[in-house]
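**Q** Could you put together the complete structure from these sequences and hints?
The primary structure of each chain is shown beneath.
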Amino acid sequence: MSARAETYWNPYVAGALLGVVLFLSYLVTGAGLGASGGFARLTAWAVGTVAPEHAATSRELAKMGGGAKNPLDHRMLWLTVGLAVGGFASGMLAGRARVETRKGPRVGSSVKRWGFAILGGVVAGYGARLARGCTSGQALSGGAVLAVGSWAFMFAVFAGGYLLAWPLRRMWT
Amino acid sequence: MGIGDILVNLALGIGFGVCLERAGFGDSRRLAAQFYFRDQTVLKVMFTAIVVAMLLLFWSSAIGWLDWEQVFVNPTHLWPAVIGGLLVGVGFIVGGYCPGTSMVAASTGKVDGVFFLGGLFLGIFVFGETVAGFRVFYDTAGGAGAADDSRLAGRRRRPRGARSRAHGARHVLGRREARGDLPPEGRGMKGMKWIGAAVLLLLGAGLAVIGQPTIEDRMRRQADRIEKALSSREPFLDPGEVLAVKHNRDVRAVILDVRSEADFNRFHLIDAKRVPVRGAESRLRAELDPKWIKIVVGNDEAAAVEAWKRLTAAGMKNVYVLAGGVNLWLTIFRDGNLQASVPDAPGDDRLRHPFPAAVGSRDPAANPEPHAAEGREYEKRVKQVRAAGAPAGGCG
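Chains as they are written, first to last, in our numbering: chain A, 1 to 173; chain B, 1 to 396.
Hints are computed from structural coordinates only; laboratory data are not their basis. Backbone N, C-alpha and C define an ideal beta-carbon position, used for all residues, glycine too. Watch out, some of these pointers could steer you wrong.
Coverage of chain A stretches by chain B, computed from C-beta distances (three or more under 8 Å per stretch; other residues unrestricted) [stated by the list, open to error]: (1) 100-108; (2) 137-145.
Listed below are the simulated DSS-like cross-link pairs for lysine-lysine, each with C-alpha atoms no more than 25 Å apart in a straight line [said to hold, decoys possible]: (3) K380/B - K273/B; (4) K63/A - K246/B; (5) K383/B - K246/B; (6) K291/B - K228/B; (7) K69/A - K273/B; (8) K380/B - K69/A; (9) K246/B - K291/B; (10) K291/B - K383/B; (11) K291/B - K380/B; (12) K63/A - K383/B; (13) K380/B - K246/B.
**A** Structure (C-alpha cells):
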C-alpha cells in the first residue's frame with residue numbers, strides 16, 4: 001500500500017457521478033439506492049437463524065423474513081454487498097484501505113472513539129428504521145424524487161447533527 | 001431474485017460505494033467536519049447528487065424513457081421521518097457516520113466504522129423489538145401516503161424549486177473552507193464549477209418549459225398496449241363476475257361510476273362512487289389501493305372505456321370495465337333476462353331503462369343476491385396484478 005493516499009475527487013464531480021448512479025438505479029430498478037435496508041435484512045436473517053419462532057411472530061421481522069420468506073432474497077442485500085465491494089476497491093486503489101481508527105485530534109484513546117461509534121451506531125440504526133430509511137434511502141433517493149417526508153428527514157438529520165455539534169466539539173475538533 | 005437482478009444491484013452498489021469512497025465519505029473526520037463549518041463536502045456531494053439525479057429523472061420522464069408512475073416514491077410518514085432523522089443526525093455526530101458511509105469505512109479498514117456498523121445492527125434489532133410499543137405512531141403519524149412535492153404542485157411537474165434551493169446552497173458554500181489537518185478535497189479546474197452550474201440551470205429551465213407528460217401524452221405512448229388489451233376484451237367484466245367479485249370477501253372491489261349525476265341519482269350499483277375521471281386520474285391512482293379491483297361503470301361501454309384508458313395510462317392497476325354497462329346489468333338483474341348477451345356495438349351511453357323516480361341504489365337490482373347470476377355463463381377475467389413499479393424503495 002502506498003504511503004501517500006490519493007486526493008479525493010472534487011465534491012461536485014463525486015456528487016454528479018453519485019447522481020448518475022442514483023438515476024440509473026431508478027431507471028433500471030424503479031427504486032433508489034439504500035443502505036440501512038440491507039442491514040435490516042441481515043438483522044432479520046440473523047434473528048431468524050437464532051430464534052426462528054421469534055422472527056416469524058415479530059411484525060417488523062416477519063415482513064422481511066419469517067415462514068418460507070428469506071429476508072436475504074432482496075435487491076437491498078446485493079446493493080449492500082456492492083457498497084462494500086465498491087468502497088473497498090476504491091479505497092484500495094487510492095491507497096486509503098488500511099486498518100486504522102479515525103478520531104478527532106483531542107480524542108486520546110481509540111477505545112473511547114469505538115465506544116462512541118457503537119453508541120452512535122445504535123442511535124442511527126434505531127432512527128433509520130423509525131424513519132423508514134437512512135441518509136441514502138430517504139434523504140438522497142427520496143430527495144431526488146421530491147418526496148416530502150424525505151426532505152423533512154434530511155433537514156432533521158442536519159438539525160440533529162448541528163444540535164449536538166457544540167457539546168461534542170472535543171470529539172472532532 | 002434472478003442472476004440478472006443480482007448483478008444489476010451489485011453493480012449499482014459498487015458504483016454507490018466508489019462514489020462515497022472517492023468523495024471522502026469513508027472517513028468519519030471528514031463527515032463530522034460538516035457539522036463544524038470546516039468542510040462542506042457532505043453538503044456539496046449530497047445536493048449535487050440530488051440535483052443531478054432529479055434532473056435526469058424528470059428529463060427521462062419528459063421524453064418518455066422512464067414511466068414516472070412506475071418509480072417508487074418514498075411514502076410520507078412525516079413525524080416518524082422527522083424524529084428518525086433527528087436520531088440519525090445525533091447518531092451521525094456521536095458516531096461519525098451514517099449507515100451507508102459506515103459500510104464504506106468498515107470496508108476500507110476503519111475500525112471506528114466497524115464498531116459503528118455493529119452498533120447499527122444493534123439499533124435495528126432494538127427497533128424491531130420495541131416498535132410494538134408505539135405502533136400507531138409509526139404507522140400513521142403524519143402519514144399522507146406517497147405524496148411528493150411535485151404531485152402536490154399539480155399535473156405539470158417542475159422540480160425547479162428544489163433545484164434552485166440546492167443551487168443557492170452551492171453558491172454560499174463555494175468558498176474554500178478552513179480544514180485543519182484533514183486531507184484536502186480534490187480540486188477541479190477553475191471555472192468548471194460555474195460551467196456545471198450553468199448546465200444544470202439550463203437543464204432545469206428546459207424542464208420548466210417542456211413540462212412533464214400529460215395523461216394524453218401517456219395515452220399516446222401506451223396506445224398499442226391499450227388497444228391490444230381492449231380488442232382482446234381482457235378488461236371487460238361480465239355483470240355476473242362483477243356480482244361475484246362484489247360478494248367475494250377476499251377481494252375489495254370499488255365501483256367507479258362515470259355517468260352523469262342525473263343518471264347516477266336515477267339508479268346506481270350499491271356502494272358505487274360517482275367520479276368524473278378526466279383530470280382526476282393521478283389523484284384516483286394515489287387514493288385507490290393498487291390491490292383493489294376497480295370497476296368502471298357507464299350506461300353502455302364507450303364512456304367507461306375512455307375512463308379506463310385514462311386510468312390505465314395513469315398507471316392504475318386492476319382496473320376493469322363493466323361489460324354492457326348499467327343497461328345490460330338492469331336487463332339481467334331487473335328484467336330477469338339472465339342470458340342477455342353483451343351487445344357488440346358500444347352503444348350511445350344513454351340509460352335505456354325507465355325509472356319512475358331517482359331511486360339511487362334503493363332498487364333491488366342495485367344489490368342483487370349473491371346467487372342472482374347463477375346459471376349465467378361468462379368468462380372469468382379478474383386476476384390480481386401486482387402493484388405498479390418497485391414495491392419498496394432503497395430501504396425495504
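**Q** Could you run down the list of hints and mark each one as holding or not?
**A** Hints, one by one, checked against the model:
1. 100-108: As far as the stretch 100-108 of chain A goes, the hint holds, because 6 residues have Cβ atoms under 8 Å from chain B.
2. 137-145: With 9 residues close enough to chain B, the hint holds.
3. K380/B - K273/B: Given pair K380/B, K273/B holds - Cα atoms ~24 Å apart, limit 25 Å.
4. K63/A - K246/B: 29 Å, violated
5. K383/B - K246/B: 14 Å, holds
6. K291/B - K228/B: 23 Å, holds
7. K69/A - K273/B: Roughly 38 Å separates the two Cα atoms, so the pair is violated.
8. K380/B - K69/A: 31 Å, violated
9. K246/B - K291/B: Holds, at about 14 Å.
10. K291/B - K383/B: 10 Å, holds
11. K291/B - K380/B: OK: K291/B and K380/B at ~18 Å, within 25 Å.
12. K63/A - K383/B: 24 Å, holds
13. K380/B - K246/B: 14 Å, holds
Checked against the numbered hints listed earlier, the structure breaks hints 4, 7, 8; every other hint is satisfied.
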